[in-house]
Amino acid sequence: MREYIVKKLAIAVIVLIGVYTITFVLTFMMPGDPARVSMGQFGNPETVKLIRQRWGLDRPRYVQYIKYAGSFLKGEMGMSFRYDRPVLDVIKYRFPRSAYLGLWGILFSIVLSIPLGIVAACKQNTPLDNAAVLFSQIGRSLPSFWLGMMLIAMVAVGLGWVKVVPEVEPGRLWSFSGFFTSLDDYILPVITLGTGLMATTTRMTRSSMLEVIREDYITLARAKGLPERVVILKHALRNALIPVVTLIGMQFLLIVGGVIITETVFGINGIGRLYVTSIQMRDYPVVIALTLIYAFGVVLINLLVDLTYGWIDPRVRLR
Amino acid sequence: MALLEVSDLRKYFVVEKGIVRKNRNYVKAVDGVSFTLDKNQTLGIVGESGCGKTTLGKTVLRLLEPDSGVITLNVNGRSINVLDADEEEMRLVRKKMQMVFQDPQSSLNPRMPVKSIIGEPLKILKIAEDPEEREGIVLNLLTDVGLGKEHMERYPHEFSSGQRQRIGIARALAVGPDLIILDEPTSSVDVSVQAQVLNLLKRLQETWNMAYLFISHDLGVVYHMSDRIAVMYLGKIVEVADADRIFDNPLHPYTRALLSALPFPDPEFRGKKKRILLEGTVPDPINPPPGCRFHTRCFERKANRPCKREEPGMREVEKKHLVACHNY
Amino acid sequence: MGGKLLEIKDLVVHFFTEDGVVKALDGVGFHVNSEETFALVGETGCGKSVTMLSVLGLIPIPGKVINGEVLFYDEDLRHELGIGGSGPVDLLKLSPELMNRVRGKRISLITQDPMTSLNPVYTSGNQIMEVLTTHRGVDRRGAESETFRLLESVALVPPKQIAEKYPHQLSGGERQRVVASISLAASPNLIIADEPTTNLDVTVQARILELLLELKERFRTSLIMITHDLGIVAETSDRVGVMYAGSVVELSDVFALFKEPLHPYTKGLLEAIPNPRKRRKGPLKSIPGSVPDLIDPPEGCRFHPRCELASEICREDKPELREISTGHYVACHHV
Ligand SMILES: Nc1ncnc2c1ncn2[C@@H]1O[C@H](COP(=O)(O)OP(=O)(O)OP(=O)(O)O)[C@@H](O)[C@H]1O
Ligand SMILES: Nc1ncnc2c1ncn2[C@@H]1O[C@H](COP(=O)(O)OP(=O)(O)O)[C@@H](O)[C@H]1O
Ligand code: SF4
Ligand SMILES: [Mg+2]
Ligand SMILES: [Mg+2]
Chain A
0 MREYIVKKLA IAVIVLIGVY TITFVLTFMM PGDPARVSMG QFGNPETVKL
50 IRQRWGLDRP RYVQYIKYAG SFLKGEMGMS FRYDRPVLDV IKYRFPRSAY
100 LGLWGILFSI VLSIPLGIVA ACKQNTPLDN AAVLFSQIGR SLPSFWLGMM
150 LIAMVAVGLG WVKVVPEVEP GRLWSFSGFF TSLDDYILPV ITLGTGLMAT
200 TTRMTRSSML EVIREDYITL ARAKGLPERV VILKHALRNA LIPVVTLIGM
250 QFLLIVGGVI ITETVFGING IGRLYVTSIQ MRDYPVVIAL TLIYAFGVVL
300 INLLVDLTYG WIDPRVRLR
Chain B
0 MALLEVSDLR KYFVVEKGIV RKNRNYVKAV DGVSFTLDKN QTLGIVGESG
50 CGKTTLGKTV LRLLEPDSGV ITLNVNGRSI NVLDADEEEM RLVRKKMQMV
100 FQDPQSSLNP RMPVKSIIGE PLKILKIAED PEEREGIVLN LLTDVGLGKE
150 HMERYPHEFS SGQRQRIGIA RALAVGPDLI ILDEPTSSVD VSVQAQVLNL
200 LKRLQETWNM AYLFISHDLG VVYHMSDRIA VMYLGKIVEV ADADRIFDNP
250 LHPYTRALLS ALPFPDPEFR GKKKRILLEG TVPDPINPPP GCRFHTRCFE
300 RKANRPCKRE EPGMREVEKK HLVACHNY
Chain C
0 MGGKLLEIKD LVVHFFTEDG VVKALDGVGF HVNSEETFAL VGETGCGKSV
50 TMLSVLGLIP IPGKVINGEV LFYDEDLRHE LGIGGSGPVD LLKLSPELMN
100 RVRGKRISLI TQDPMTSLNP VYTSGNQIME VLTTHRGVDR RGAESETFRL
150 LESVALVPPK QIAEKYPHQL SGGERQRVVA SISLAASPNL IIADEPTTNL
200 DVTVQARILE LLLELKERFR TSLIMITHDL GIVAETSDRV GVMYAGSVVE
250 LSDVFALFKE PLHPYTKGLL EAIPNPRKRR KGPLKSIPGS VPDLIDPPEG
300 CRFHPRCELA SEICREDKPE LREISTGHYV ACHHV
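Chains as they are written, first to last, in numbering that gives the first Met the number 0: chain A, 0 to 318; chain B, 0 to 327; chain C, 0 to 334.
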């Protein structure tokens with residue numbers, strides 16, 4: 000297992016260098032000069048030139064390539080053009096919100112969809128099962144911006160139960176108690192983000208359970224006289240979770256799009272919005288930094304998924 | 000002259016193990032197999048799962064490329080070195096040697112009607128290029144294997160497993176072969192249907208004058224079908240003899256264990272048979288034991304014999320009865 | 000050998016599938032005595048597994064027991080389950096909770112394919128131990144030493160190492176031994192072995208069969224041996240039920256069955272298997288046609304389309320099991 004992790008990390012380094020290079024090239028191929036964009040249409044050419052100098056945009060590309068790489072290695076990730084502050088600071092301020100939203104979105108989905116999927120599978124073809132199937136059909140086809148708007152209109156504005164825009168400070172979100180209490184503020188964005196995820200996870204859990212329940216070892220477990228609860232939770236679930244883990248791992252990656260939409264709808268000042276505006280404003284250092292963070296996340300999550308496999312399935316662990 | 004002569008045939012599969020450093024390992028599926036098969040004769044190949052029966056069959060036909068060995072096919076007064084055949088010779092080989100596969104489910108193309116499945120080899124080997132002529136031949140073949148005109152347009156999934164096996168047989172017959180390799184032709188059919196298929200095969204063998212290489216793990220079935228029987232263990236033939244000799248006087252310890260393990264359908268014999276129960280399981284074919292491959296499970300190993308070190312060669316112990324064991 | 004232990008009466012099971020109703024069991028009936036080996040033999044799909052799953056109350060969706068009784072003759076069972084009355088207990092009428100106390104404890108199962116019958120994510124020891132803790136109320140420590148004892152009794156040594164292994168680290172024969180030890184764990188009165196050796200090699204099969212018979216003697220249980228192999232029937236059983244397309248067509252002592260088979264199907268089967276000992280190499284006698292589709296089974300005797308003796312009455316009336324000589328029953332109009 001250890002050599003396996005080491006190998007994965009080595010690959011990660013190569014991937015990150017590749018991603019850095021590609022993002023660097025692509026970003027600088029984007030039309031539009033950041034200095035000019037930041038000064039607006041009528042900026043003074045002299046000032047623009049000064050700014051270009053200050054941001055190092057007048058240096059040869061390879062120098063910039065190396066300079067950025069160096070600043071990443073040092074951990075500060077360069078200076079943001081737009082905010083005139085280290086990129087790290089810019090991200091540090093916003094990242095907690097997005098991560099909070101994303102993590103809760105997935106937790107919300109897991110906590111509800113796995114039990115729902117199990118129950119649906121155990122009560123196959125009953126009204127309960129049909130309802131679960133219908134729910135997951137609907138959940139998957141609801142556009143999340145629409146769902147978000149509706150929730151704002153009905154719950155926040157109409158009933159006035161929660162605030163429209165979450166106001167908790169980023170720092171508090173990740174404190175032990177804040178992680179749960181802040182959910183009050185974030186409940187609507189979390190539901191918006193989580194519903195679509197939940198629909199797919201429910202579906203996958205249900206079909207995976209149905210498949211596992213037909214296996215011989217489940218028949219044998221029942222023939223042993225084990226209570227149904229044990230048969231399902233001990234014998235069936237763990238096997239059924241194997242494909243579900245893959246799905247959830249993928250959701251961690253695909254969720255980025257959902258987070259951007261949700262942040263936009265709820266006016267949350269998070270990474271999603273930062274990403275979009277940074278691209279618009281040609282804030283290269285931020286764009287590159289965010290892309291690299293994302294790539295690192297991909298690697299990390301793949302590793303976590305593999306570790307989870309190993310934990311669930313001894314055939315992976317003890318080859 | 001024998002119809003088919005195979006000598007020292009080897010087929011190794013490369014398998015990779017390990018996550019970081021890929022270790023190259025070899026599954027020695029067929030490891031130095033020699034035999035001959037005469038015209039109109041049946042040679043049975045028996046052995047337990049994974050001993051290399053299917054691989055042997057496919058390698059003889061060159062559906063799998065062997066790693067070494069010589070295969071000679073004597074047909075039409077010619078002697079063809081199968082592994083070194085040019086295109087024209089290979090076409091003749093394909094006409095003269097056919098195979099019926101272990102799993103009729105997966106060996107028949109599900110998207111082709113029976114008519115095309117059976118007609119395909121006729122077309123490819125340019126035996127009947129005119130569609131109408133081909134259809135006539137296919138119909139005759141279907142009748143021969145006990146199916147009819149009404150089955151021509153149907154697809155494989157519309158048949159029972161017994162019928163599917165008949166289609167596989169008809170396809171093999173289509174080119175008029177001198178030898179058919181039958182890989183477990185009845186392992187997927189029910190007992191009551193097995194007899195139908197076996198009878199059909201016997202009848203066809205007589206009318207078409209064919210030799211069979213009959214592969215099975217069922218000793219009873221192999222005995223019924225074969226003139227001679229070869230017993231395989233871990234990629235090697237350990238004993239070859241006439242079918243009756245194998246049953247009356249098995250010599251190799253493995254053959255004896257195999258025979259004694261065969262459940263015998265008569266309760267009167269219960270307890271009267273001496274049972275030989277083998278220890279352990281078949282070793283991993285990637286690392287077969289050195290010396291005699293059977294030595295790890297052998298119950299007749301004698302201390303003064305080099306079983307653990309030296310691989311025993313095939314010796315003709317009695318007339319036409321060959322054994323690879325240091326005890327003989 | 001004692002009196003009746005299990006009796007199945009007129010069992011009818013249907014599967015309500017999308018293609019139609021599969022009439023899988025059509026009035027199955029037979030009984031098993033205590034401490035005997037009863038073989039249930041028949042071709043694929045004739046209903047052997049469904050019969051046994053009904054006994055255990057484990058018919059999968061969309062199957063339903065339409066009719067019948069599964070009687071368990073044991074004086075203590077009523078008392079143990081806390082139900083009043085007297086006489087045999089009809090297992091089909093027990094609540095799921097009570098049935099859980101019969102499964103594994105009184106009747107246990109050995110499934111067909113050792114490759115798939117153990118849960119891949121738990122060690123073999125874990126899967127044995129859970130039976131002990133469920134039915135015998137032993138604590139972990141006790142369960143552990145009992146597990147080692149069970150593994151030893153099925154000749155898996157050293158037991159500690161085997162108990163720590165996951166199924167994929169064991170060979171087919173070893174797995175089937177683990178399943179056998181699971182079936183023994185709660186000292187049941189009856190073990191049902193559903194084709195326990197079908198997917199094993201002959202040399203391994205021989206040892207597993209030997210083991211099962213020995214365990215049956217040692218633990219004084221009854222054994223139902225389900226198989227399609229008449230050789231296994233002859234070598235292992237005391238009494239036999241021959242099944243065809245959802246019914247028991249012949250029921251007999253094993254010696255009588257092989258010496259004097261009565262039903263045309265049994266006769267056909269016996270003649271259809273190649274028998275090396277008889278040195279016959281001529282054409283085998285074969286049964287024409289193939290097993291019927293159970294969605295639309297033949298009327299009357301389900302064997303009639305393949306039977307030489309079939310007449311008008313066979314096409315109309317389903318023959319009942321009749322006792323021809325002591326203990327030898329057959330369901331055929333022409334015997
Ligand atoms: N394509 C392949 N790659 C690697 N190993 C293979 C391949 N095909 C077969 N083998 C291995 O070669 C050995 C012989 O296989 P083969 O299929 O010839 O056995 P067999 O005697 O026909 O068995 P069975 O009775 O199960 O059909 C086995 O160990 C098998 O796992
Ligand atoms: N889950 C199921 N759904 C539908 N039909 C089934 C199911 N299980 C069994 N059957 C049908 O019941 C019949 C008997 O099956 P089974 O008892 O498994 O046969 P076997 O004698 O081979 O054990 C078969 O016709 C089979 O198709
Ligand atoms: S009842 Fe009729 S059809 Fe059925 S087995 Fe007897 S003779 Fe044959
Ligand atoms: Mg094979
Ligand atoms: Mg079955």
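To be clear, the hints were calculated from the coordinates, so they are not data collected in a lab.
Treat the hints with care, as some may be off.
What the hints assert, rightly or not - What follows is a list of derived Cβ distance ranges for each label pair:
id : chain 1 : residue 1 : chain 2 : residue 2 : range
1  : C       : T325      : B       : G270      : 18 to 26 angstroms
2  : B       : G147      : C       : E298      : 47 to 55 angstroms
3  : B       : R9        : C       : R139      : 47 to 55 angstroms
4  : C       : L80       : A       : A152      : 34 to 42 angstroms
5  : C       : T43       : B       : R9        : 50 to 58 angstroms
6  : C       : T43       : A       : V132      : 19 to 27 angstroms
As the list claims (entries may be wrong) - Just so you have them, the derived chain A footprint on chain C, three or more residues with Cβ under 8 angstroms:
id : region
7  : 113-120
8  : 124-136
Built from N, CA and C at the ideal position, the CB exists for glycine as well.
Hint check:
{"no.": "1", "hint": "C/T325 with B/G270: 18 to 26 angstroms", "in the structure": "holds, 24 angstroms"}
{"no.": "2", "hint": "B/G147 with C/E298: 47 to 55 angstroms", "in the structure": "violated, 25 angstroms"}
{"no.": "3", "hint": "B/R9 with C/R139: 47 to 55 angstroms", "in the structure": "holds, 53 angstroms"}
{"no.": "4", "hint": "C/L80 with A/A152: 34 to 42 angstroms", "in the structure": "violated, 59 angstroms"}
{"no.": "5", "hint": "C/T43 with B/R9: 50 to 58 angstroms", "in the structure": "violated, 37 angstroms"}
{"no.": "6", "hint": "C/T43 with A/V132: 19 to 27 angstroms", "in the structure": "violated, 33 angstroms"}
{"no.": "7", "hint": "113-120", "in the structure": "holds (count 6)"}
{"no.": "8", "hint": "124-136", "in the structure": "holds (count 4)"}
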